[in-house]
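Visitor: Residue numbers (numbering that gives the first Met the number 0), protein chains in the order written: chain X, 0 to 268; chain H, 0 to 307; chain V, 0 to 343.
The hints are simulated quantities; they were obtained by calculation from the structure and are not laboratory data. One or more hints might be untrue.
Said to hold, decoys possible - Covered by chain V, according to a simulated footprint, are these stretches of chain H (three or more residues, beta-carbon under 8 Å):
1. 34-46
2. 90-98
3. 121-132
4. 146-156
5. 237-250
To be verified - Pair ranges (Cβ atoms, derived):
6. X:Lys66 / V:Pro154: 55 to 63 Å
7. H:Ser135 / V:Phe30: 45 to 53 Å
8. X:Lys66 / V:Val116: 29 to 37 Å
This structure is a prediction, so every number in the text was calculated from the model and none was measured. The beta-carbon is built from N, C-alpha and C at its ideal position, and this holds for glycine as well.
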Amino acid sequence: MLDVKEITAGYGQKHVLKELSFSISEGTVLALIGPNGSGKTTFIRAASGIIPLLKGSIRVDGQDLHKMNSQEIARRIAVVPQARSIPPAFTVEEVVALGRTPYLNWLGKLSDRDQAIVDQVLEQTDLAVMRDRNVAELSGGEQQRLFLARALAQEAPLLLLDEPTTHLDLQYQVNLMQRVYRLAHPSKLEQAAGMKARTVVVTIHDLNLLSRYTDLVGLLVDGRLVEMGTPDEVLRPDLLSHTYHLPLDVIKDASGYSLVTPADDPTAL
Amino acid sequence: MKSFILKISSLILLGIMLSSCASPAGEAAPSEISLVDGLERTVSMEQPALRIVSLSPSTTEILYAIGAGDQVVGRDSFSNYPAEALEVQDVGGSMGSYSYEMIASLQPDLVIASEINTPEQVKSLEDLNLTVYYLSNPKNLNEIDDLLEVVGTLTGHEKEASELAASLNKRIDAVLATVAKAASKPLVFYELDATDPAKPWTPGPGSYMDELIQAAGGRNVGSVLQSAWAEISIEELMVQNPDIILLGDSNYGVTVEQVAARTGWENLNAVKNGSIYAFNDDLVSRPGPRMVEGLEELAKIFHPELYQ
Amino acid sequence: MSKKNNLQPYVVTSLILLIAGVLSIAVGSVFISPRTVIDVIFSAIRGEVSTLDPNGVYLQIITDLRIPHAVLLILAGAALAASGSAYQGLFRNPLADPYLIGVSSGAGLGAVAAMMVRWPYTPLGLMVIPAAAFAGGIITVLIVAQLARVGKTVPTTNLILAGVAASAFASALTSALMINSTGELRRALVWMMGGSTQTGWGPVWGILPYMVVGLSGLVIIGHPLNVLQFGDEQAQQLGIRVQRVRWYTIGLATLSTAAAVAYTGIIGFLGLVVPHIVRLIWGGDYRRLIPVSMLGGAGLLLIMDVIARSVIAPQEVPVGIVTALLGGPFFLWVLKRSKSQNYW
């Protein structure tokens with residue numbers, strides 16, 4: 000569904016992504032991990048059309064992204080940025096309604112269908128009860144969920160989430176990743192209600208959420224995809240220790256999910 | 000019958016021809032005034048103006064001086080001389096704009112504008128169907144005559160105007176004759192504005208004041224500057240070292256004591272000798288009859304020895 | 000962002016505008032009783048002469064002075080308030096006003112430079128100063144946009160910086176011209192203080208085309224500005240063509256502001272304060288903020304002008320002085336009264 004073919008992109012002279020390639024199919028949650036500066040956010044920018052590709056191409060459902068204008072891209076790709084600063088003069092419902100922008104004309108009037116989608120998304124993300132609240136009154140986790148809702152209102156088959164769990168309390172991290180997973184793997188009930196499986200690419204720092212909530216993990220180092228596979232395949236002690244320059248161990252929790260921990264006793268320095 | 004009709008017709012024809020040839024001198028026809036004003040507009044009136052609005056203090060002074068004071072129905076805010084002018088309706092102008100409503104409501108038959116008025120203001124008055132005459136400033140003492148003559152014509156006071164012009168000329172000649180006998184010409188500094196005492200404003204070459212100072216038998220410090228109205232530095236002033244300092248800004252509250260107290264000014268000859276005098280700037284900044292009074296005042300200050 | 004009551008802001012501001020308009024026509028340095036005003040107007044409509052105004056002077060004052068002056072100020076007030084709102088949205092800056100990127104300093108320079116020459120007393124000659132002001136404003140913004148350009152984009156920070164620099168430069172040149180002039184100094188100062196220097200319908204016809212284009216264009220830019228509040232990147236990711244919106248907004252705001260300044264001088268504070276007042280009362284949704292600010296700005300400017308014309312009649316205080324004196328405190332009062340915490 001998403002075909003990234005040898006893309007090179009960066010800022011000015013500096014190339015951050017170097018001939019990056021991968022493909023994922025519909026209904027997959029791909030986590031991009033890697034040290035800071037490896038190009039995770041740059042990938043999101045390149046994939047959403049913010050920065051140009053110097054080489055290569057990105058295709059969504061077969062269509063070349065960089066041949067489209069921003070409105071067309073926005074209907075196919077929805078970005079969920081980090082909820083760091085939201086302009087305070089909006090209500091929850093208004094922010095979600097902005098997700099319909101790719102379908103509205105300059106006057107911004109919502110049709111009945113647009114409004115119906117907004118209502119549905121508010122329900123889906125459990126934000127309906129606070130639809131009239133000012134965004135400044137929301138907690139960090141709720142704000143992040145709001146940004147997810149806005150992206151959902153775009154009805155885009157591909158979602159890109161940029162470090163959504165950073166800065167969040169643990170319960171919100173888990174809550175968010177659960178939702179993200181369900182978006183790619185809707186239940187039978189949800190499928191019957193018409194919900195289609197989305198494809199998700201999420202950049203993330205916390206390695207311990209990967210095993211439970213993602214299908215594929217891509218390790219980005221210095222702009223290149225060093226390894227891509229299932230969480231178990233990628234979360235290997237040798238690979239991770241080398242990447243993060245730190246002795247790391249991978250252990251399984253009670254349910255069999257992989258967890259990453261430092262290998263040495265940290266108090267013995 | 001035919002010859003009778005012929006005679007009558009020719010008589011009638013003769014009568015018509017004669018009446019059309021009748022010269023205006025023989026009848027009391029209305030006199031027409033037609034002048035070209037300072038904006039090169041032709042201003043025409045069927046008779047001298049009876050309801051006049053003056054837009055500048057100098058015009059007001061001229062109107063009263065030639066006896067047309069009773070004909071003034073409106074004047075600008077700065078018109079303060081003679082005292083009778085203060086009784087006349089104020090039409091604005093202190094913040095740069097006049098009340099056109101007030102002017103229109105006075106229904107004047109003539110509005111006299113001057114160089115302090117903008118072309119837009121003249122146009123606005125024209126748009127209200129008012130007759131406007133734009134009076135240009137005289138460029139030197141000789142042109143005051145023309146100024147008086149024009150206003151005299153506009154107001155029907157030609158005689159008083161020419162009499163006044165003659166008496167003013169006599170007084171000017173008297174001053175010139177007197178100061179011609181002077182042994183020397185004092186160096187004079189005329190202060191217009193010293194908000195920044197390190198760089199006071201003074202009239203420069205080509206300005207009216209420059210001419211007046213010279214006509215009164217003095218030399219203007221400002222004549223070394225570049226423009227008609229310029230700043231002079233305190234250093235240059237010290238180099239020039241004027242004999243007399245005239246405070247043209249005394250109307251705004253500047254006093255002799257204040258000047259003597261300014262830093263650096265204590266070195267000037269004029270300050271040491273106490274030759275600092277307040278001066279009524281209205282006498283020399285308003286183009287009109289009082290300029291001659293201003294000239295006489297200057298001459299008395301510059302050459303007291305000739306006026307005992 | 001929204002406060003419900005969809006029609007209320009429009010009704011309230013239209014009412015204010017209506018009352019202000021009536022006051023504008025009824026009040027002036029010459030007292031005309033309300034009864035006389037009504038009689039004069041209705042007689043004129045019927046094509047007769049009012050018995051209360053046999054000489055036609057009151058009719059002249061009302062139709063040749065007060066009404067065109069009011070219309071001119073309505074257009075100017077609407078343009079300044081709309082441009083101020085649009086710029087606050089575009090630059091995401093509560094201190095933005097219509098003059099942010101140099102249009103007023105450029106217009107001032109154009110006007111003062113034109114004043115240094117004696118133009119012939121002809122219809123064309125009388126248009127030179129407003130035309131020079133208009134051109135000066137537009138050219139300065141074009142220069143600023145060019146200076147701020149980075150490739151095909153014009154980052155807002157660059158625009159603000161270039162605007163500040165250009166304004167400082169133009170102001171310095173203007174001051175130099177003013178100091179060097181002798182007779183024209185006062186004229187230049189009066190123009191810069193804000194307030195119309197020409198009377199009658201001429202100025203209105205002169206700026207009408209620019210106002211129609213500018214105002215109608217700004218009214219519809221609200222939704223993209225809402226989206227832009229989240230930043231250029233997110234706005235583009237939501238499908239907004241950010242550069243296009245930027246050029247469009249700057250172009251229309253400059254056009255209408257330059258037209259206003261050409262005939263009303265530099266009226267400050269209005270474009271900054273009116274959007275904030277509207278925002279405090281009815282929220283910051285730009286789809287509503289811009290049109291409501293237009294109505295509010297027009298009405299408020301008329302009221303300030305009535306004050307300027309009558310407080311020390313027959314003197315007429317330049318209206319820019321009144322907006323500056325009253326604008327700030329009035330805004331603080333509204334701010335105190337408002338209970339909103341999150342209005343920006």
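Visitor: Each hint: holds or not?
Guide: Outcome of the hint check:
no.: 1; hint: 34-46; result: holds (count 3)
no.: 2; hint: 90-98; result: holds (count 9)
no.: 3; hint: 121-132; result: holds (count 6)
no.: 4; hint: 146-156; result: violated (count 0)
no.: 5; hint: 237-250; result: violated (count 0)
no.: 6; hint: X:Lys66 / V:Pro154: 55 to 63 Å; result: violated, 26 Å
no.: 7; hint: H:Ser135 / V:Phe30: 45 to 53 Å; result: violated, 35 Å
no.: 8; hint: X:Lys66 / V:Val116: 29 to 37 Å; result: violated, 56 Å
Going down the numbered hints, you'll see the structure goes against 4, 5, 6, 7 and 8, while the others check out.
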